[in-house]
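Produce the entire structure from the sequences given, and follow the hints as far as they go.
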Amino acid sequence: KQEVTQIPAALSVPEGENLVLNCSFTDSAIYNLQWFRQDPGKGLTSLLLIQSSQREQTSGRLNASLDKSSGRSTLYIAASQPGDSATYLCAVTTGANSKLTFGKGITLSVRP
Amino acid sequence: DGGITQSPKYLFRKEGQNVTLSCEQNLNHDAMYWYRQDPGQGLRLIYYSQIVNDFQKGDIAEGYSVSREKKESFPLTVTSAQKNPTAFYLCASSITRDGPYEQYFGPGTRLTVT
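Line by line, the protein sequences give chains A and B. Numbering of the first sequence is given in our numbering, commencing with residue 1 and proceeding in unit increments. Numbering of the second sequence is given in our numbering, commencing with residue 113 and proceeding in unit increments.
These aren't lab readings, by the way, just hints derived from the structure by calculation. Check the hints yourself; a few may be wrong.
What the hints assert, rightly or not - Straight line, CA to CA, 27 Å or less: simulated DSSO-like cross-link-like pairs of lysine-lysine:
(1) B:K126 to A:K42
(2) A:K104 to B:K121
(3) A:K1 to A:K68
(4) B:K195 to A:K104
(5) B:K195 to A:K42
(6) B:K169 to A:K104
(7) B:K169 to B:K121
(8) A:K42 to B:K182
(9) A:K42 to B:K169
(10) B:K195 to A:K1
(11) B:K169 to B:K126
(12) B:K195 to B:K169
(13) A:K68 to A:K104
(14) B:K121 to A:K42
(15) A:K1 to B:K169
(16) B:K183 to A:K42
(17) B:K121 to B:K182
So, in structure tokens, the structure goes:
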């Protein structure tokens, strides 16, 4: 059974800092990995999707990497801003039916 | 604008009552999903449908039912058999049933049962 872990559960950093959010998964036979952002009381916004054949994806200040063999992904946020404060969730697809398995998320707080 | 809508945003029900949560998408996606989110537990899959008139149980289907009569709609009924129905419910869709594609999520419905 696929399990996704995100540690730590919460993180607080000063504005401007570059930071890395970690995600690990137990079954390396994934189809893809998605990083999502969730603001309090809201739905999920997809940030980046990495296919299993890819090593990384970039969107603006965000860069996600994937090391499938070691079961790890990182989300790099450059020059963090208070508006980046949210919960970041990692999810992997392990079957062809697009079933996602989620981590519990990392709640990020960026202090002005 | 294309997207996924869920209604209502907040829903309150008495224990023992069935309640139906709405999910509509105009993205022309084949696949639709229902997740439940509890504090500290992440998202868990309740049901999913890859095509009209077909759906499969997810990891926590007990106490829930769904229908998929139209491509655009995938309503979720929380029955009185669901022991702990109070949660945040999220609907999602993806472009095709033939492969694992990016999932897009709706804004969610917060259900409170007392």
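Which hint numbers doesn't this structure obey?
Those not satisfied: there are none.
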